[in-house]
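Undergrad: Protein chains in written order, with our numbering: chain A, 63 to 416; chain B, 63 to 416.
It is worth saying that the hints were derived from the structure and are not from the lab. Ideal Cβ placement from N, Cα and C applies to all residues, glycine included. Hints may contain errors.
Now the in silico label distances, taken between C-beta atoms and shown as ranges [said to hold, decoys possible]:
id, chain 1, residue 1, chain 2, residue 2, range
1, A, Asp-177, B, Glu-204, 58 to 64 Å
2, A, Asp-197, B, Arg-180, 47 to 53 Å
3, A, Arg-198, B, Ser-336, 40 to 46 Å
4, A, Asp-391, B, Arg-199, 37 to 43 Å
5, B, Arg-199, A, Arg-164, 53 to 59 Å
Computed footprint of chain B on chain A, listed as stretches where at least three residues anywhere in the stretch have a Cβ under 8 Å from a Cβ of chain B [said to hold, decoys possible]:
id, region
6, 102-112
7, 119-130
8, 181-188
9, 352-366
There are 2 protein chains.
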Amino acid sequence: MTSSPATDAGETGKIPDIGDVIAAGERLKGVVRRTPLLESPLLNERLGGRLLLKAECLQITGSFKLRGAYNRISRIPEQARAAGVVAYSSGNHAQGVAMAARMLGIGAIIIMPEDAPRIKRENTRALGAEVVLYDRRKQRREDIGEAYLREHGGTLVRPYDDRFVIAGQGSTALEILDQAGEAGAEIDQVIAPCGGGGLLAGIALAFADRSPTTRIYGAEPEGFDDLARSLREGKRRGNSRIDGSICDAIMTPCTGDLTYPILARHAAAAFALSDEEVTAAMRTAFEHFKIVIEPGGAVALAAVLAGKCDPRGRTSVVVASGGNCDPADFARLTAGRSQAGKPQKRENTQKGKI
Amino acid sequence: MTSSPATDAGETGKIPDIGDVIAAGERLKGVVRRTPLLESPLLNERLGGRLLLKAECLQITGSFKLRGAYNRISRIPEQARAAGVVAYSSGNHAQGVAMAARMLGIGAIIIMPEDAPRIKRENTRALGAEVVLYDRRKQRREDIGEAYLREHGGTLVRPYDDRFVIAGQGSTALEILDQAGEAGAEIDQVIAPCGGGGLLAGIALAFADRSPTTRIYGAEPEGFDDLARSLREGKRRGNSRIDGSICDAIMTPCTGDLTYPILARHAAAAFALSDEEVTAAMRTAFEHFKIVIEPGGAVALAAVLAGKCDPRGRTSVVVASGGNCDPADFARLTAGRSQAGKPQKRENTQKGKI
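For reference, chain A alone in the conformation it holds in the complex (with noise of 0.2 Å):
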């Protein structure tokens, strides 16, 4: 972790509260999609249960990460707001601070790896964002932002360490309650994707103030399981691994310092995903919802289609958080026999603190 520089560090480096979700819910109002919360009744009755997913895939830039990078570089103060901001991304992340930044008409350095796909680092740098490529084999992104941040200064947009950043991802929480309510849903269970943890702390703090009964669960790619190991063991605990997920989005390393404490608190568990599991969801959701979603998008929708979260006989909500594919990789992630709807194994295997 680098520090951040001093214009902010003290508040955001502080764990939201429930307020903070509220108060960006309400500065994003009208800057971010209210995205669908989507239902097929086919499905619900394959399952045997009601499943919403909140399509974020549909969000603007195809993730949720605009919310919280609107919600952080929103409170930069006027006079920090010359020297732009500064993030470190492959991808989603990227795209949700160009576009912030580009609304708010502040400059931004994206540093990206030069191997990220070629459709993200140009969408990057097409919203306006400067992208500085490096070599992954032999550079730390982190020096090379710190060296642009100590020679031109400008503010670090952390990808979920940050209270605004937790914050603003949390508003999503707030649309799927209002969402819920609409369609006369009670919600039993939400299961979001987490990589560092972000979108799922600021969904924990909104249900835990709104609709504390609601169980809230973790999904992450196998060999990325940091967070229901460290549920399970009470302990935050990292990855080993840093490659070898289709779920490009969520290969974190671990879960944050401002993450993790929200997560220990409100997470009941999380769920592990072969990519096998992934790819059947995203062919699911490509049949049922006729949406796109990336891999490290569909780890929640996977976990109760593959009966590892149980659906049966409850109202659960799954966040699609991202559909930034390539349509070729799509195709050829998806391709054979569909298995929409199918609960591939019914017997209970959640793991964690249940």
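Fit chain B to the known structure of chain A by using the hints.
TA: Using the frame of chain A, we list chain B on its own:
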């Protein structure tokens, strides 16, 4: 055209007016999904105009057809409900009717060609409808339907030539107008797919009343450009082909007795789209909006992307009318290098009375 049973033929055979559309909008609240009006800042930049996409592919059953089907079936008098409803369709209307009938507790018989896509047959059955298959080369579906109606009774639910079906589809436009208002957009032009013309006619009625300066355009597959020719020639024309386009959902012989008079009055022109232009639009929708559009549902977006309907300096709304496409077909159709957002022709190739 077969005759409708006596129960309500007089009512359903009239050309609808704006009052019918508004009544449909009220009746469908809480029944159909208020699908989002999506927008991509990057795509807007590339097009040089503002493009809003009404994502009816995200509608329940994967197309707008539930609107008209529910609006029509809910009007069936109590004493006629026990005999059920009958519909002909190979896909989207079938699922819309099956779902609406199920919601209203009415039996449904759907007459489908035996070579209809497996997923559409299975979904229609899964929604509780009885599917009667026939051989398109040997039998006329109208004969099967008439024989069934004579023997068993029941109410025929036409796919487009019905006052309440057209009015129901028009509820799409009421949502568009509300959503565009929320987004601060004044709509210069609306483009919607046109087969039999139920959706386009319903939309035209709503805009003629609520936003009369908005131009209304149809989009059709090449070889099925009967509306374009009809509007140019001032007389309803038909198509000589019965296949040869990937747009299975809108390969209709001509517009209807009720839809054509509405379109002749309110539609400015129609555009014909090639299979290549349609698949480019499907790919762009995947990349920029993260949604699945089936070929017939993508013609309106294709008209703008291909430059046939000029988006520059204007606010355009395109309706993505359905998303019922098998993942393997989608992958095959959209394989190849993306042309996302790149208008392929800049010259004005609009057809009809502009």
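Undergrad: What are the numbers of the hints that this structure violates, sorted from low to high?
TA: none
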